[in-house]
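Peer 1: Listed here are the chains, written in short residue letters.
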Amino acid sequence: MKRATIQLETLTCPSCMTKIEAALKGLDGVNKDTLNVSFSSSRARVEFDESKLAIETITKRISDLGYEVKKAQVKDA
Amino acid sequence: MQRLILRNKRPITLISAILVSGAYTSHYLLHQEPAAQVMMLIASVIGVLPIALQAYQALRVKVVSIDVLVTIAVVGALIIGNYEESAVVTFLFLFGDYLELRTLNKTRSAIRELTEMAPESALKMMEDGSYQEVDIDEVDVGDSLRVLTGAKIPVDGQVVSGEGHVNEASITGEAVPVGKQAGDQVFAGTILDNGTLHITADRVGEDTTFGRIIQLVEEAQDAKSEAERFIDRFAKWYTPAVLVLAFIVWLVSRNIELAITILVLGCPGALVIGVPVSNVAGIGNGARQGVLLKGSEVIHDFSRVDTMVFDKTGTLTIGHPEVAQIKMYGEDQEETQSLLYSVESQSDHPLARAIVKHLAGAAAHDVEQTDVVKGGGILAQVKGRRVAVGNMALMRQEGVTMDEQARQDAAAMERAGHSIVLTGVDGQLRALVGIRDQLRPGVGEDLGRLRRMGVKNLVLLSGDNQGTVDLVASELGLTQAHGHMLPEDKAAYIKDLQQQGHIVAFVGDGVNDSPSLALAQIGIAMGSGTDVAIETSEVVLMNSDFGRLPHALGLARATARNMRQNIVIAVGVVLVLLFSLFFSSWMNMSIGMLVHEASILVVILNGMRLLRYRLRPR
Chain A
5 MKRATIQLET LTCPSCMTKI EAALKGLDGV NKDTLNVSFS SSRARVEFDE
55 SKLAIETITK RISDLGYEVK KAQVKDA
Chain B
4 MQRLILRNKR PITLISAILV SGAYTSHYLL HQEPAAQVMM LIASVIGVLP
54 IALQAYQALR VKVVSIDVLV TIAVVGALII GNYEESAVVT FLFLFGDYLE
104 LRTLNKTRSA IRELTEMAPE SALKMMEDGS YQEVDIDEVD VGDSLRVLTG
154 AKIPVDGQVV SGEGHVNEAS ITGEAVPVGK QAGDQVFAGT ILDNGTLHIT
204 ADRVGEDTTF GRIIQLVEEA QDAKSEAERF IDRFAKWYTP AVLVLAFIVW
254 LVSRNIELAI TILVLGCPGA LVIGVPVSNV AGIGNGARQG VLLKGSEVIH
304 DFSRVDTMVF DKTGTLTIGH PEVAQIKMYG EDQEETQSLL YSVESQSDHP
354 LARAIVKHLA GAAAHDVEQT DVVKGGGILA QVKGRRVAVG NMALMRQEGV
404 TMDEQARQDA AAMERAGHSI VLTGVDGQLR ALVGIRDQLR PGVGEDLGRL
454 RRMGVKNLVL LSGDNQGTVD LVASELGLTQ AHGHMLPEDK AAYIKDLQQQ
504 GHIVAFVGDG VNDSPSLALA QIGIAMGSGT DVAIETSEVV LMNSDFGRLP
554 HALGLARATA RNMRQNIVIA VGVVLVLLFS LFFSSWMNMS IGMLVHEASI
604 LVVILNGMRL LRYRLRPR
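Chains as they are written, first to last, in our numbering: chain A, 5 to 81; chain B, 4 to 621.
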């Protein structure tokens with residue numbers, strides 16, 4: 005498992021968080037329990053299985069929603 | 004294309020503003036009706052694009068968002084040919100969105116200030132031995148780094164070489180620079196005032212003490228209370244419900260105008276954003292003032308606290324006890340001193356450390372065996388003699404006899420407010436040590452203030468003797484004080500208070516008080532920034548600053564009040580709008596959107612007041 009910290013553009017509404025959470029939960033290989041989208045810091049934290057999907061899949065999913073990904077960091081969980 | 008539209012939301016808002024005002028000009032001043040209609044139509048189409056896109060993206064992940072309601076309403080208005088309403092609604096929605104972003108950024112400023120104190124780059128030693136400035140993310144554990152005068156220490160680490168003075172105010176609150184040399188620990192986010200240091204990184208990024216503090220503050224702002232989770236669930240079903248309601252109204256009344264007005268009025272914007280805004284602003288204020296409140300549930304409970312229980316040592320007192328008085332009994336005083344010194348050297352109890360410091364230079368013996376008696380002291384074998392160092396209870400247990408003189412001396416020390424450590428050797432009392440710990444400056448005023456704020460019970464629980472505890476209690480005007488308490492006694496006492504219906508906050512340094520910190524509704528840790536207590540308690544007074552406690556309570560109450568106000572505003576506005584729609588004639592789509600956006604701004608501005616919250620003097 006890897007732990008990703010994704011810095012997003014400033015989130016303007018709590019419903020943005022709901023959208024991003026729903027989108028990432030739908031991805032195979034994402035640990036749903038560790039998913040946390042922070043409204044105050046506009047940051048998403050999640051653990052994922054790197055054998056099932058790449059970080060790029062996650063960031064692409066977010067940018068497809070229309071949110072800019074500023075920086076994505078991956079570390080060993 | 005998608006991205007292009009969303010990127011240019013601001014210009015689109017501006018264009019739509021120009022078109023709408025142009026349309027009104029030609030309508031009212033120039034009486035050019037066709038031109039006005041065309042401009043309104045163009046404004047609607049341009050304006051609805053970003054909203055419709057967001058709605059589509061939300062629907063793709065099965066979320067019915069506010070954008071969906073607005074898009075359907077606007078499209079409906081276009082179909083029935085009411086271009087004025089569709090244009091005004093899209094413009095107001097976009098403009099409201101813009102104002103929301105602006106004001107929300109203000110509420111987040113407190114946290115941003117904190118994160119901006121985080122180091123961003125480091126001078127890292129490369130493979131060829133030269134130093135290069137790299138981004139902080141490229142620093143790993145074990146890297147060798149150089150820190151120059153005036154720079155921020157980039158990581159938690161150890162000094163390898165060099166010397167300098169570091170300002171650790173961001174971690175400990177102490178603005179006095181601390182001297183650092185080889186072997187010393189340094190912390191990320193602190194500033195090197197002078198000198199040059201070479202360090203190796205032990206912890207980097209979010210794992211550093213500073214990183215953890217920031218993370219805790221961020222998590223606190225996102226931690227949801229029961230009420231918020233309810234609102235979230237409510238909002239999730241509420242939006243589709245509004246959609247269904249509008250559809251039913253249309254089926255029954257065949258009035259499209261009415262149906263799409265319901266869609267606009269039904270947007271739950273202020274309700275969804277009201278509580279998080281208060282939360283972010285309140286916690287942000289705290290973070291700036293050295294008070295960490297962990298989430299809105301904590302704020303809610305803390306605001307209702309009527310009983311505060313305090314630990315003595317390190318909480319009400321400074322926590323650096325000093326020996327005030329020593330009484331020796333028996334002939335060989337030198338032997339007594341060296342036995343006492345040897346045994347106490349084995350312990351890191353604060354009282355033991357005070358004694359060791361006081362007797363520094365006494366002869367040290369090998370201590371053959373030590374047993375720590377919990378809530379009593381230490382039993383040890385030294386040079387074949389049985390030495391007991393501890394409190395009265397331990398002496399009784401060991402059958403150590405005291406003569407009349409010693410009894411009187413002990414009583415006098417107790418009256419003077421000293422903690423007493425007794426030393427018995429082979430069943431004979433050999434020494435009494437009176438130890439004094441100074442009260443924190445200003446503690447009396449802070450407690451007085453808490454009392455005036457309506458905290459009914461201020462209780463002191465301590466492991467110390469009753470005399471000392473009573474003295475402190477009368478000096479500070481506490482309502483109750485109990486001595487001779489073991490950690491488990493304290494926890495039991497708190498449980499008892501809770502069963503009587505009190506809402507209890509426990510204030511302690513978190514080292515031996517963790518059961519009480521965990522048990523009390525609100526555990527308040529005196530954190531020096533490096534403690535584990537930061538993780539386990541609900542409220543942290545950074546820098547161990549007791550003086551922040553009244554502010555913390557005041558802030559929690561103000562924030563809880565603010566959240567309630569915002570909920571009332573949000574619910575009230577929706578009720579008034581729906582009521583006016585059905586029972587009055589002035590309501591239409593545009594006015595509905597205007598009031599709706601205004602209510603969002605009102606709750607945000609109301610929340611922002613918390614950023615400036617300060618406890619009124621006296």
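A hint or two may mislead.
Calculated pairs, PhoX-like style, for lysine-lysine (alpha carbon to alpha carbon, straight line, at most 20 Å) [as the list claims (entries may be wrong)]:
#	chain 1	residue 1	chain 2	residue 2
1	B	Lys459	A	Lys29
2	A	Lys6	A	Lys79
3	B	Lys65	B	Lys330
4	A	Lys6	A	Lys36
5	B	Lys330	B	Lys377
6	A	Lys29	B	Lys498
7	B	Lys330	A	Lys64
8	A	Lys36	B	Lys65
9	B	Lys498	B	Lys459
10	A	Lys6	A	Lys64
11	A	Lys6	A	Lys75
12	A	Lys56	A	Lys29
13	A	Lys74	B	Lys65
14	A	Lys74	A	Lys56
15	A	Lys64	A	Lys36
Treat the hints as calculated values from the structure; they're not laboratory data.
Peer 1: All hints, please: hold or fail.
Peer 2: Hints versus structure:
This hinted pair does not check out: B/Lys459 and A/Lys29 have alpha carbons roughly 48 Å apart, beyond 20 Å. Between A/Lys6 and A/Lys79, the direct Cα distance comes to roughly 6 Å. Compliance with the 20 Å bound is thereby established for this hinted pair. Restraint check for B/Lys65 and B/Lys330: not satisfied, since their Cα atoms lie roughly 78 Å apart, outside the 20 Å limit. Between A/Lys6 and A/Lys36 the CA atoms are separated by roughly 13 Å; this keeps the pair inside 20 Å, and the hint holds.
Of the pairs offered as hints, the one joining B/Lys330 and B/Lys377 is violated, with about 25 Å between alpha carbons and a cut-off of 20 Å exceeded. Under the criterion of a C-alpha separation no larger than 20 Å, the hint pairing A/Lys29 with B/Lys498 is inconsistent with the structure, at around 41 Å. For the proposed pair B/Lys330 and A/Lys64, the alpha carbon gap of about 76 Å is over 20 Å, so the pair is violated. A hinted pair counts as satisfied when its Cα atoms are at most 20 Å apart, and A/Lys36 with B/Lys65 qualifies at roughly 17 Å.
Among the hinted pairs, B/Lys498 with B/Lys459 is consistent with the structure: their alpha-carbon atoms are about 17 Å apart, no more than 20 Å. Restraint check for A/Lys6 and A/Lys64: the C-alpha separation of about 17 Å stays at or below 20 Å, so the hint holds. A hinted pair counts as satisfied when its Cα atoms are at most 20 Å apart, and A/Lys6 with A/Lys75 qualifies at roughly 16 Å. A distance of roughly 14 Å separates the Cα atoms of A/Lys56 and A/Lys29; the hinted pair therefore holds under the 20 Å criterion.
Our distance criterion of 20 Å between C-alpha atoms is broken by A/Lys74 and B/Lys65, whose separation comes to about 25 Å. For a cut-off of 20 Å, the pair hint linking A/Lys74 to A/Lys56 is broken: about 23 Å separates their Cα positions. A distance of roughly 18 Å separates the Cα atoms of A/Lys64 and A/Lys36; the hinted pair therefore holds under the 20 Å criterion.
In this structure, the earlier hints numbered 1, 3, 5, 6, 7, 13 and 14 are contradicted, and the remaining ones agree with it.
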